[in-house]
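**Student:** Below are the chains, spelled out letter by letter.
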Amino acid sequence: MAADLVAFDDVLATYDPALGLEVHVELNTSTKMFCGCPAVFGGEPNAQVCPTCLGLPGAMPVVNRKAVESAIRIGLALNCSIAEWCRFARKNYFYPDMPKNFQTSQYDEPIAFDGWMDVEVDGGVVRVEIERAHMEEDTGKSLHVGGATGRIHGADYSLVDYNRAGIPLIEIVTRPIQGAGARAPEIARAYVAQLRDLIVALGVSEARMDQGNLRADVNLSLAPKGSDRLGTRTETKNVNSFRSVERAVRYEMQRHAAVLGTGATILQETRHWHEDTGVTTSGREKSDADDYRYFPEPDLVPVAPSREWVDELRGTLPENPTVKRTRLQADWGFTDLEMRDTVGAGAFGLVEATVAEGCPPQAARKWWLTELARRANESGVDIADLGVSPAQVAAVQALVDDGTVNDKLARQVFDGLLAGEGTPEEIVAARGLAIVSDEGALGAAVDAAIAANPDVAQKIRDGKHAAAGALIGAVMKEMRGQADAGRVRELVLERLA
Amino acid sequence: MTDALIRRTAAEMADDLAAGTTTSVALTRAHLDRIAAVDGAVHAFLHVDAEGALAQAAAADERRAEGATRSTLDGVPIAVKDVLATEGLPTTCGSKILEGWVPPYDATVVARLRAGGLPILGKTNMDEFAMGSSTEHSAYGPTHNPWDLDRIPGGSGGGSAAAVASFAAPLALGTDTGGSIRQPGAVTGTVGVKPTYGGVSRYGLVALANSFDQVGPVTRTVLDSALLHELIGGHDARDSTSIDVALPDLVGAARQGAGGDLSGLKVGVIRELAGDGWQPGVMARFTESVDLLVGMGAEVVEVSCPTFVHALATYYLIMPAEASSNLAKFDAMRFGLRVLPEGVDSPSAEDVMRATRDAGFGDEVKRRIILGTYALSSGYYDAYYGQAQKVRTLITHDFGAAFQQVDVLVSPTAPTTAFKLGEKLDDPLAMYLNDLATIPANLSGVPGISVPSGLADEDGLPAGFQVLAPALADDRVYRVGAALEAALTDKWGGPLLDRAPVLEGER
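Residue numbers (the working numbering), protein chains in the order written: chain A, 1 to 497; chain B, 1 to 507.
Possibly wrong hints are sitting among the right ones.
To be verified - Straight-line Cα separation of at most 20 Å, DMTMM-like style, residue types lysine to aspartate or glutamate; simulated pairs:
| no. | chain 1 | residue 1 | chain 2 | residue 2 |
| --- | --- | --- | --- | --- |
| 1 | A | K91 | B | E350 |
| 2 | A | K366 | A | D385 |
| 3 | A | K459 | A | E490 |
| 4 | B | K96 | B | E364 |
| 5 | A | K237 | A | E131 |
| 6 | A | K464 | A | D438 |
| 7 | A | K91 | A | E269 |
| 8 | B | K424 | B | D459 |
| 9 | A | K66 | B | D239 |
| 10 | B | K390 | A | D108 |
| 11 | A | K324 | A | E338 |
| 12 | B | K390 | A | E109 |
| 13 | A | K141 | B | E350 |
| 14 | A | K66 | A | D385 |
| 15 | B | K366 | B | D426 |
| 16 | A | K366 | A | D331 |
| 17 | A | K324 | A | D118 |
| 18 | A | K91 | B | E364 |
Said to hold, decoys possible - Stretch by stretch, here's where chain B covers chain A in the computed footprint (C-beta under 8 Å, at least three residues):
| no. | region |
| --- | --- |
| 19 | 56-63 |
| 20 | 100-113 |
| 21 | 163-171 |
| 22 | 298-312 |
Please keep in mind that the hints were generated in silico from the structure rather than gathered at the bench. Owing to the predicted nature of the structure, the values given are computational and were not obtained by experimental measurement. Note that beta-carbon positions come from the ideal geometry of N, C-alpha and C, so glycine has one too.
Start from the sequences, fold in the hints, and give me the full structure.
**Tutor:** Here is the structure:
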């Protein structure tokens, strides 16, 4: 149910927002966090399980070294300190898809802490402080069967798949971001987008938001303008795209202001984001009394990464993102505005990958920021999750460059790609999209257009070449777009010279 | 005939098998017969696997015929405490909540028994989830002490101790969280060893309190314990807390100790583990035993470990905290008992969890879940769990200081001999006091042994003598334990268990 909302500008007239982001990154290790089961998706339900990840009596965990390595690399890339000694802790609460009824996580001794990331927003840089990045295990997955909604309430029964239970997660928590004002929604989006780029560059996760490899929880609170204390926060769970991160922050700001405006108080709770309606609804109440009874996991020994190992891992980090952007902007010849738009759209990594596939930088930028951004927007997903790969975009542009298709026909190739019709070449063939280079057919169409438009033809003969557009349009229409407009123009002018 | 077979020690049985004077099938059948004869009265076993044990015995005999034995103890049967996962054999932990559960995997120690060729006779009774000192908290009824069937066999591993004491098994596995191997050993006149924490794998041990639990041998002689300890001990990659260091030579230490020379050894008597509340007959046997050590050349001094008086309180905060979390997984979702709440239409998962845990857990388990949940709660954590961990560190420091002065520490294993069934059932604090002397070793992870020290004058029941050594120096408890055992056996003119009464069902 949608609450009354306060207009965004009015929120800012009265309140300062404080923003916090918790991002869960599912690592791409080959095995789970604490056992040897494969950590891959798509297996038969409950086929990738063992006594440990099923929480059977007597089974014990063993830490996955690769997951610790990934955690340290993420921590280093976020400019964090790496703990010399840290422990896992049990987070105790009952839930049917959590095998042990406690999650093995980290509490007051995270592997990485006190870092920062410089986030580019609108051409400027905002430093987001990272409180911590810690290791934990994922839960199983419940499937609620029967009832109308697929939710637990009203379901006839529930099935649980434990394949996901025990998959390694890194939770990255920011410190409260204050003073963001009107830019809070944008900063939230830019932070998550840039964090995703970083995770991709590190190669530690598939980092697909639509598949849940990267899951963002948005914490938001409002405080009276000028106050230095923080208001009561809500935590909006599992916001599954960059765009939704921005929308969820904006929505919660407007909703909080509406609640506070009536003199009521904000309930400290988790909220669910609804992609379709763009609203959040109340989830579980989460008060300070919510007590997870954390204590150090007695079945695991402390993790104490040697400084030599940490230094060795530091040497494996990808290029600093800011330096890399400056370098690539120069390489690509983008203006500041073009670069800002590219980053803002979450397309920086995509453009980079497309250029790496041989596409001219401006063409790569054009496709991602116009045609593909529009389609992503229409489907409500991030462009990275649209289903078109950088290699495909480069292949389409190659077809434009060799004259097989023009820009307009290329759009139809993208239609075909999204419909899963095969490679760009196959789509051109199957849909008959190639430009007609048969001079005879083209000449006939030009002659027909001249014959049908004697007035226009006369103007051109009189030297008004600007009038040629009408004839070219007629020819293109006749050819269903599959002609080279430049060649048509030449033919028209030749005949009417 | 049967009697002659089963009264041999495990080491002697191994020798007989090697000499070809008996077979594993004969040994196993003799023990199964003994179980059939006496276990109705003793109730040491929750599950007997006659068919499986005989098949394993036949396989052991075949291997031996081919000259392909797998271990010294290949073919010697054994009983396993029901808290250890056994593939294909029910594992209940003495609880209704696991009734009928058959694990799909073996605990590492069980896998090592199988690899060593020991036929598994069955699973032994215990206090529910190892919570107790009398085995009266078993959901399947108590075990009776073979020395007096009206008395407790100790706990939580009363089943393993009584099985060995009643000659129903030559060897058994126990687990010791606060004394559950050593205290039953003391009150049944048997030998029990709690190894160094991390010395034996815990993988497949259904945890009571993970930071205290250790699997260890339950036997009639010190040498038998050493043989079994060497078989089950050593590093296991499945248990992160397992220590990747080779075990000391335990069998060698036991043989050396049996030679009776303790010259050069410094022994510390722990001042805090004596005094009011300690049964005079237990103390008398303890003092005599210390004198025997002196007679064998040991130098004995009194050592003070002042923080030990806080050991019980410390233990009863940390142990329930860990247990409360460990037991959360018993939720009817994936294994074990499932109870639907009465009068609830289409109950939720939470309703089923609640009803199952209410019906499946006994009172002592619920008591400790509540204690532990409380000790970990926000606002109480620092005062209870946090504070207890600090005291735990101090207790470890006391051990460290003591072991600067002496090679081993000694005390009576338990303050009293076996009490009557039901006597302390309604008084949890009185029950907890039984573990006063054994708990410090669990708090700091050091190894300990209990060997019989004789019968108390008041009641004619067995008392136990405890030897503690620094972490990883398990060989010392075997050396001293074997020396005392040899001296006492000599004094008595035979093993203490020869004086146990004839059991119902015996001819």
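**Student:** Which earlier hints turn out false for this structure, listed by number in ascending order?
**Tutor:** 6, 14, 18, 21
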